[in-house]
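Asks: Quick note on my numbering: the sequence shown kicks off at 130 and runs consecutively.
Hints were generated in silico from the structure; no laboratory data involved.
The beta-carbon is built from N, C-alpha and C at its ideal position, and this holds for glycine as well.
Be aware that a few hints might be false.
As the list claims (entries may be wrong) - Quick list of simulated restraints, FRET-style, between CB atoms:
no.	residue 1	residue 2	range
1	Gly196	Ser135	45 to 51 Å
2	Pro199	Arg279	53 to 59 Å
3	Pro199	Leu233	19 to 25 Å
4	Ile191	Ile271	32 to 38 Å
5	Glu276	Leu305	19 to 25 Å
6	Leu177	Gly278	48 to 54 Å
7	Gly149	Val217	51 to 57 Å
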Amino acid sequence: GMVVPSYLFAGFVGYAAYGGYSQANLNLNYPNNWVNTFSILMQLPACLYLVYFTNLVLVLQIEIACGIDPTQCVGESQKWRFRMPPVVFRLLFRTTFLGSQILLAQMLLSGEGDTILALQSLAGAVGMSAFTYFLPFIVHWIMFREEIGRLLGVYYAFNILAGVLILVGGVYSSVLELCQQSSDELERKCLLSYSYAPESPEDPCYISGI
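All chains, please: the whole structure from these sequences, using the hints.
Replies: This is the structure in structure tokens:
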């Protein structure tokens, strides 16, 4: 019952301390030194694992759902699907899947800023707000409606309303940022502004010497 008030308090205190200098990417809030670089390098294997194996499982699940055996090789007796051997279907489907990801990556990299962070903010605004702020209260209210008194119901309603407002505000700011960073030219280079927050003299981290 303290999730929403605690998050709101932390948000207000953080903004009062750092203002708009707090970056969405945690590493951008630290100086550009070898410690920060080492931290980024340590994150790369985990990111590679999450991205690669997630797509691998997704592709295999789609092929199995289409009735394609992912283990069949050339020369084995194969049951044709979609008027083609499974090997041909896998080649065409996986090539198309990979091509769609390359196209999406090019679209993300051709924006004016960090479009990936903006998409991450949008996903967090919907997913984190829903599953952290108001959905637990809604589900608990539906399941135990008779056990919830009037006072507790008012508290639940406050948390649900606060969570919905946070979701709407997060979605609005994320979509606005995406629109500002979008580009119609796929050939443009990524113009990611990778500047560390402590570089500004007005940043508290700069003043403290961190």
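Asks: Out of the numbered hints, which ones does the structure contradict?
Replies: 5
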